[in-house]
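Student: Chain residues, written in single-letter form:
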Amino acid sequence: MREEHLVAVLNAVIPARGSIAAAGDLGLSHEVLHDARDGSAIDQILAVLHELPADFDSLSPDDQQPMLLEIETRQPEHFATLVNMVYTAYYSHGAVLAALSGRTGYNPGAPQPTGYVMEPFDESLLAPVKQMPPLWRQVN
Amino acid sequence: MSQHCDRVDVVVVGAGAAGAALTWRLANHGVNVVCLEQGGWVTPESIPSLTPQWERARARSHHPNPNIRKNAWDYPIDDADSAIRPLMYNAVGGSTIAWGAHFPRLRPCDFAVHSLDGVGVDWPIGYDDLAAYFEVNDAMMTVAGLAGDPGNPPRGPRPCPPLPLGAGAQRIAEAYNRLGWHWWPVDAAILTGTDPHRSPCNNCGPCDLGCPRGARSSTDITYWHQAIAAGAQLRTQSRVVKIASVPGRATGVDYLDADGNLCHQPADHVVMAGNGVGTARLLLLSADDWCPDGLANSSDQVGRNLMHHPTGMVTGVFHEDLQGYEGPFATSIVSQEFYETDSSRGFVRGFQAQTIRSDGPLGTALGGYLPRLPWGRDHHTQFDRQFGHTASITVTTEDLPNPDNRVTLSPDITDAWGVAAPKINYRVEQRCADTIAFGIERNTEVLLAAGAHEILSLPLVESAGFHLLGTARMGENAASSVVDGQCRAHDAQNLWIVDGSVFPTSGAVNPTSTIQAIALRAADCLAEQPMLIGVLDA
Ligand SMILES: Cc1cc2nc3c(=O)[nH]c(=O)nc-3n(C[C@H](O)[C@H](O)[C@H](O)COP(=O)(O)OP(=O)(O)OC[C@H]3O[C@@H](n4cnc5c(N)ncnc54)[C@H](O)[C@@H]3O)c2cc1C
Ligand code: SF4
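As they're listed, the protein sequences go chains A and B. Residues 9 to 148 (my numbering) are what the first sequence spells out, left to right. Residues 2 to 539 (my numbering) are what the second sequence spells out, left to right.
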């Protein structure tokens, strides 16, 4: 069992950015494990963690990344499951979405009920297409 | 001992796109019709786009793949041997609960691919047989769009004005104009005008999660209310496990109600509308002494010829912030410049190029329609390059019938009631792969002309099994098809199949408009049949 390495793995998958901590330091490992146990992904995640050396946490990011890449090559499906779960937890996190909103103006809340402005369609764009002959084959 | 219901004229299995349209039409003809649906109603309040966690819901509880979603209304699908993952939704409204609402029609050439291009088979019906039904259906599904497209046969004024393009599709439209290629605003089953019971689209984006405003048409909010008002009965959480039959006739259906009680619904006519996977599954499950290989399967075609529309995707990354996550994800413009056969390309038939907007933050990271973002050191840089900055164009190809692409009954997997799950064997044929390779080149040209500085492409979107077609195909010859041109089974004259499984070939466009037109036409044929109450009791 190397569940204790999960925080370090998550940090390597999504590193820190500005004021937002890396995925592991954001506390997402509990959520990832919980989600994995809820579905059938836990064995896949544990299989990835089992490949890690005991001193994984103390390695530098420069040493961790190639090690994880190697595991990804050996266990692509399991590793993909782990990455998908980390991405899902990270991009559902309120602080991450708020920071994204600050950078881009993206609405971090629910798409509804606000939605976005409906600009009218500009039919003049179609002028050249309207000159085209029929493009479909007549069939008897 | 099963519970016995009162005999009805018609029992319909499945309340999705086809089942809803047919039931509405029959009820308006005065037919005594009951529809059995294994799912329930989806309430507007439960739609995830009302919560900030909407993208998480899409990745889990509202995933279009029932194997991931695992809703109690679903059944599992054994898809280990399929190159494309079948997607669907099981509820009142069927897969229109999760659909993108892009609403093209098959073109006239799509009904005659064997005569025109020497591949596949011809349909026993043509575009003209469906033309009037397309118009009825467009009104019921409140289609937004613009008449006058030179890429398609003329059609009536669209019930609602076209959707906004958004910055990405605007650039792509201008690029098509510069290249002199065809494009047109899509027909979309989305309310952009007024309706007393629904609010118009407000461009929020994730139509696939459902529309709390009721703008995106799904048949629970279009056809069903009117069908019920016209006298149709809809029984939800009623899972049909067998079509009962005697030689040459269906006599009704056996189903499990919400409490797991086995019930029998006798009927003069049985209509299958369970989609291209669910219908084939139930016909195979309905084997009996007189039809040991499955009901309506003397031709051995039930379950065979599964078609999906293998799809490639080309994405342009732009320097400008296109805010591509705004607006209905799947509906803006479409090009059919390369739809018809041009033998100089080295393959017959063509492709549809449907412009797709971009995703929210989680969708951007996870990919699916474009490659997943890299993890590790480059993650944030790549995220910033792509998020909101992309627009994509599909290469939607025409699948043709291959008997080895098929639905059978899984030897290993069952649903929660112990009934065999469907098993899918499916591979993509070389002609589709060639079409995708050609389409990726053409779409790349367009996106570069539109100003993209980087192109990403996927030669096959694995999770694009949206369209489930061909597994009970129509044809004139009972030895090589399952139903006739009216959708009536060759082997059982009071058994009708009206969903996408009757498509002999697939065209290269989204099929639902055509599926519903076929269902409406079948309803008119069925309503002319004598209802034989009492005579047919086995
Ligand atoms: C994510 C997604 C996006 C899509 N986008 C588009 C699009 O933009 N444009 C387009 O044209 N198409 C789209 N489609 C496809 C479209 O939804 C289908 O073509 C259409 O819904 C098929 O109609 P149907 O009636 O054949 O089947 P469905 O709508 O799937 O309905 C079948 C119904 O039958 C029920 N059923 C099955 N078996 C049983 C049983 N044994 N007992 C009781 N009930 C049963 C199911 O629960 C289901 O409700 C999309 C699909 C998905 C999943
Ligand atoms: S984009 Fe429009 S149709 Fe789609 S869910 Fe939002 S409001 Fe509804």
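Think of the hints as simulated: they come from the structure by calculation, not from any bench. There may be inaccurate statements among the hints.
[To be verified] Keeping only pairs whose Cα atoms sit at most 20 Å apart, straight-line, the calculated EDC-like set for lysine to aspartate or glutamate is:
1) K71/B to D43/A
2) K138/A to E341/B
3) K243/B to D294/B
4) K138/A to E175/B
5) K71/B to E341/B
6) K71/B to D51/A
7) K71/B to E131/A
8) K243/B to D7/B
9) K138/A to D7/B
[What the hints assert, rightly or not] Here's a subset of chain A near chain B, in silico, CB distances under 8 Å, partners left out:
10) A29
11) L60
12) M75
13) E78
14) I79
15) N92
16) H101
17) A103
18) V137
No experiment lies behind these values; they were computed from the predicted model shown. Just so it is clear, CB atoms sit at the ideal spot from N, CA and C, and this is done for glycine as well.
Student: Using Cβ atoms only, decide whether A103/A comes closer than 8 Å to chain B, and label the hint accordingly.
Tutor: violated, 12 Å
Student: Should the hint that A29/A touches chain B count as held when the rule is a Cβ pair under 8 Å?
Tutor: At about 13 Å, which exceeds the 8 Å cut-off, the nearest Cβ of chain B leaves the hint on A29/A violated.
Student: Sort out whether E175/B lies within 20 Å of K138/A, counting only the CA atoms.
Tutor: Status holds; Cα separation ~14 Å.
Student: Report holds or violated for the interface hint on L60/A, using the least CB-CB distance to chain B and a cut-off of 8 Å.
Tutor: violated, 15 Å
Student: Taking the closest Cβ pair, is I79/A under 8 Å from chain B?
Tutor: Interface hint status for I79/A: violated (12 Å vs cutoff 8 Å).
Student: If you draw a straight line from the CA of K71/B to the CA of D43/A, is it 20 Å or shorter?
Tutor: Holds, at roughly 14 Å.
Student: Regarding the hint that N92/A lies at the interface with chain B, is the smallest CB-CB distance below 8 Å?
Tutor: Cβ of N92/A sits 6 Å from chain B, so the hint holds.
Student: Would you mind confirming whether the straight-line C-alpha gap from K71/B to E341/B stays at or under 20 Å?
Tutor: Violated - the C-alpha atoms of E341/B and K71/B are around 40 Å apart, more than 20 Å.
Student: Interface hint check: V137/A, Cβ to nearest Cβ on chain B, cutoff 8 Å. Holds or violated?
Tutor: Given a least distance of 6 Å, the restraint on V137/A holds.
Student: Should the interface hint for M75/A be scored as holding, given a Cβ-Cβ cut-off of 8 Å against chain B?
Tutor: violated, 11 Å
Student: Against the 20 Å threshold, does the CA-CA distance of K71/B and D51/A hold or violate the hint?
Tutor: holds, 19 Å
Student: Holds or violated: the hint that E78/A contacts chain B, with Cβ atoms closer than 8 Å.
Tutor: The hint is violated - E78/A has no Cβ within 8 Å of chain B, the shortest such distance being about 13 Å.
Consistency note: the structure conflicts with the earlier hints numbered 5, 7, 9, 10, 11, 12, 13, 14, 16 and 17.
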